[in-house]
Amino acid sequence: MSFRSRFTSTLSALSRRQRLENEMDAELRFHMDAYVADQVRMGVDPEEANRRARVEFGAVESLKEECREARGLRFFDELVQDLRYAARGLRKNLAFTMIATLTLALGVGANTSIFSLVNAWVLQPLPYPDADRLVDIHTLDKKLGRRSSVSAADLEDWRAPNPFFDGFAGWRDSSSFTLATATVPEQVDGAQVNADFFRLLGVRPALGRDFSAAEDTPGAAGVAILSDSFWRSHFGADPATLGRSIECNGRPVTVVGILPPDFLFPLVGRASMWMPFAFSSAQRQDRGNRFLQVVARVKPGVDVARARAYLEASALRLEQSYPASNKDRGVLIQPVRETIGEQSQRDAVLILFGIVGCVLLIACTNVANLMFGRAAGRQKEMAVRLAIGAGRFRLMRQLLTENVVLFLLGATFGVLLAMWGVKWLANSIPLELREFLPNAGVLKIDLPVLLYSFAVAALTGLVFGFAPALNCLRVALGDSLKESGSRTSTGGASSRVKKALVVFEISLALIVLVASGLLTKSMLRMYSVDPGFQTKGLVTAKISLPDSEYADKARVEAFFANLLERVQRLPRVETAAASQVIPFVNINNGTGYFVEGRPAPPFGETPRAGFAAVTPDYLTALGLPLLHGRFFTEQDRADSTLVAVINRTMAQREWPGEDPIGQRIRLGRNSVKIWTVAGVVQDVKVTDLKEPPEAQLYLSYRQFPMQTMYLVLRTSASVTEISGDVRKAVSSVDKNQAVYDWATMEKRIMLAEVPDVIVARTMSLFAAIALILAAIGIYGVISYSVASRRRELGVRMALGAGIGDVLSLILGQGLRLTLLGLAVGLAGAFAATRVLSSLLFQVSPRDFVTFATVSGLLALVALIACYVPARRAAGTDPVTTLRYE
Amino acid sequence: MKKTSDLLQGTLDLLILKSVSLQPMHGYGILLRIQQLSQDRLQIQQGSLYPALYRLEHRGLIKAEWGESENNRRAKYYRLTAAGRQQLKVETQNWNRLSAGVVGVLDASPEEV
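As you go down the protein sequences, you meet chains Y and A in turn. Positions in the first sequence are counted from 1; adding 25 to them yields the working numbering. Positions in the second sequence are counted from 1; adding 475 to them yields the working numbering.
Take these hints with a grain of salt, some might be off.
Unchecked claim - List time: in silico DSSO-like cross-link candidates among lysine-lysine, alpha-carbon distance up to 30 Å:
1. 89(Y) with 493(A)
2. 89(Y) with 538(A)
3. 561(Y) with 546(Y)
4. 352(Y) with 167(Y)
5. 546(Y) with 772(Y)
6. 561(Y) with 753(Y)
Honestly, the hints are just simulated from the structure, not real lab data.
Build out the structure end to end from the sequences listed, making use of the hints.
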């Protein structure tokens with residue numbers, strides 16, 4: 026009747042199996058006794074009555090079996106039987122079981138590892154309430170198609186009441202604070218946010234309170250919310266931290282809240298202190314000053330597309346009203362989830378997931394082939410079982426159960442392997458990047474991942490176990506019993522399936538190899554790019570002078586001049602320099618410039634260049650080649666001629682075939698300052714080795730003092746060896762300032778390129794697994810074929826075929842399969858590699874050399890795998906072979 | 476004498492449902508009741524109705540409880556559930572329709588054709 030009643034009935038029967046059996050016994054005994062008693066009452070002899078009862082009842086056991094079946098128990102009984110049988114079979118054939126398990130463990134292990142990535146970074150929802158309503162907003166430079174930050178004025182306009190957004194919260198790009206402590210001042214990662222930032226995310230401090238609306242207005246008292254880990258490391262998790270005043274950037278700040286331990290916002294990354302900040306009136310006015318990152322929450326039920334349309338309409342209005350700052354500026358709005366996906370290389374993760382799927386299929390194919398081989402030895406057993414009355418369906422189920430058990434066994438070892446794999450993956454992500462990943466880059470094998478692994482194993486077990494099981498049964502149904510021995514020549518159909526499987530796996534292996542080859546080549550290309558300067562032996566660190574004490578630009582200039590003089594004198598420091606922007610650290614948006622003597626370009630078409638204030642020794646420290654003219658000297662002061670140095674790309678763009686030296690430029694449309702080009706230097710990669718060369722403009726730090734500068738030291742010392750001395754030098758200039766963000770240039774390059782490296786390296790590992798599995802696969806098939814053709818080969822040799830003939834016969838067979846696999850694989854790879862385009866640098870997704878090399882490699886490995894059994898076949902004595910038959 | 480195996484399975488189920496609908500009873504009781512009500516025209520093999528009982532219980536049409544038998548022994552008593560009552564009604568109608576149909580066919584005389 027109702028499904029539920031049946032289900033609960035079966036379930037209760039299963040869970041209280043013993044009780045069911047007892048009750049059944051009791052019930053039947055009662056019936057028998059009652060029957061006998063009635064018979065006796067009717068005058069039958071008790072002896073005779075008992076006999077009658079037994080006759081009448083017939084086979085009690087089969088009766089009970091029927092009752093059990095009525096309860097839906099038979100299926101489970103048989104399952105237990107099948108499982109037992111499977112375990113026995115697998116134990117008996119240990120070599121087969123071990124090879125198959127190992128193969129599957131590799132496939133499932135690799136799969137599980139990557140799925141844990143997919144699960145953590147792609148599938149898991151973001152840890153904020155209604156996270157799908159959170160969007161990330163940027164300004165879009167429609168000319169360059171590039172995104173940039175948002176200006177405070179634009180943000181204020183969007184905030185006007187509207188039916189699409191619940192609210193907007195801005196934060197400042199990469200902030201950090203100087204915290205006064207008992208000993209040396211410490212630089213702390215932090216973020217400056219609008220007061221409603223946490224409310225917008227739907228996050229509440231675990232202790233204390235959130236910022237109040239008034240706290241991001243100018244002149245409000247300083248308050249801070251701390252991260253849980255910072256509270257623990259710096260305040261010993263003392264609840265009395267709340268209400269305490271700390272000195273931050275030279276002013277007192279009261280701690281008002283502590284965030285929950287698991288709070289993380291990957292768009293901000295690592296932040297120990299959160300402080301509200303007010304827009305200055307200048308910031309509110311200047312739409313060109315784009316310094317904000319913005320997150321917003323759309324109203325419930327509002328489509329992102331409609332919210333986007335609203336902001337785009339608003340951007341168009343701003344373009345018309347404020348062409349000077351907003352011409353060609355649109356908005357880019359996308360779910361926060363998308364941005365985090367980009368940050369966590371979601372595309373690469375999904376591609377890896379696809380590739381690892383291929384590896385699993387290769388492993389499964391190998392195991393299916395092994396099963397075919399094994400089935401050949403069991404046809405007789407099956408035939409006997411059929412002959413004595415086992416149902417075909419029943420046998421089929423049993424064979425499938427056995428295969429699924431094998432796959433689950435493989436999955437178990439695979440998960441163990443994945444535990445290691447996941448650790449390897451997680452460890453290959455540098456600490457510095459983890460905070461920008463969902464869940465701080467933590468990977469673990471949790472319940473969903475486990476479920477996935479075992480579901481995949483069970484499913485592949487059914488699919489790949491089906492054909493071998495069917496084959497086993499079909500052959501058994503045929504004439505197995507009639508055959509004298511097991512050495513029949515290859516059973517046609519099963520041999521065809523086996524060959525098809527090998528072709529399939531070679532083609533998959535080729536796809537994996539091509540993908541890996543392309544990515545590796547791309548990585549090598551990337552690393553062979555000349556960054557434009559000497560990357561080795563450079564130590565860098567950051568200094569940010571606070572507004573409170575360094576509003577006077579002369580003081581900034583004096584600070585750095587003073588500091589560098591001291592650092593230059595330190596032992597082992599070859600050259601000490603400073604620059605506002607250094608390669609491989611995220612950069613400012615550059616500046617627009619206007620060439621003197623040319624008509625000013627219309628709004629929105631102003632040429633732009635990256636831009637950095639540097640000290641004169643920057644050229645030497647970086648090892649940057651000077652192409653023309655001169656670099657800065659200490660004599661380029663605020664009161665001398667303003668000079669600029671440009672890079673080659675800018676020189677070629679603005680003055681092709683002309684001498685740029687002596688040309689004059691302005692950095693603002695109406696700026697009165699005119700800068701004279703004094704020199705041209707080589708291009709330098711600024712963010713990433715993969716970027717195309719861009720125009721770059723350098724100014725002297727004395728003529729354009731900046732509060733935030735990076736120290737660039739050419740030294741033979743390591744960061745730990747030099748940082749203490751540099752700290753001392755800094756505090757001897759100003760004891761309140763901190764030096765932080767220490768890293769060698771090589772480390773910074775590594776951090777910028779590491780995602781590509783991880784992807785390429787992981788892919789290579791998979792390619793190696795795929796290659797090995799494919800080799801094992803073709804070896805297995807050729808060995809089997811040789812074994813089953815022994816008599817034929819013996820006859821051939823007896824009739825005069827030489828060793829060479831046999832070798833070429835067997836190798837030819839292997840080669841045919843390999844070539845067919847390669848052809849299919851090449852077609853597949855040709856169609857599929859386009860998805861790699863976004864990951865490739867200077868390599869076409871259809872790179873001929875890679876395709877050719879990889880095919881050659883695979884063919885070679887396959888031939889070697891075939892040669893071993895071929896050699897064995899050729900080496901056997903025909904007489905022995907024939908006699909053996 | 477008919478053997479139970481010749482009785483259609485559905486028919487046995489119907490007979491059990493009907494017997495149990497009169498009052499809760501144990502398996503042996505059901506068997507005796509069917510024999511008694513059919514005036515011994517229907518003979519059921521001892522024990523053979525248990526698979527049917529388990530099946531009906533599995534389908535939720537009857538429910539079993541342990542109780543005391545007339546001679547003070549523990550026995551399993553079956554009673555009809557609401558679903559069983561409904562099923563009995565439907566099955567009875569079906570049976571009546573079927574038997575009327577069969578009787579109609581068997582009573583036919585050459586003149587009627």
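Comparing the hints with the structure gives:
{"no.": "1", "hint": "89(Y) with 493(A)", "result": "24 Å, holds"}
{"no.": "2", "hint": "89(Y) with 538(A)", "result": "19 Å, holds"}
{"no.": "3", "hint": "561(Y) with 546(Y)", "result": "23 Å, holds"}
{"no.": "4", "hint": "352(Y) with 167(Y)", "result": "9 Å, holds"}
{"no.": "5", "hint": "546(Y) with 772(Y)", "result": "22 Å, holds"}
{"no.": "6", "hint": "561(Y) with 753(Y)", "result": "25 Å, holds"}
Taken one by one, the earlier hints all hold for this structure without exception.
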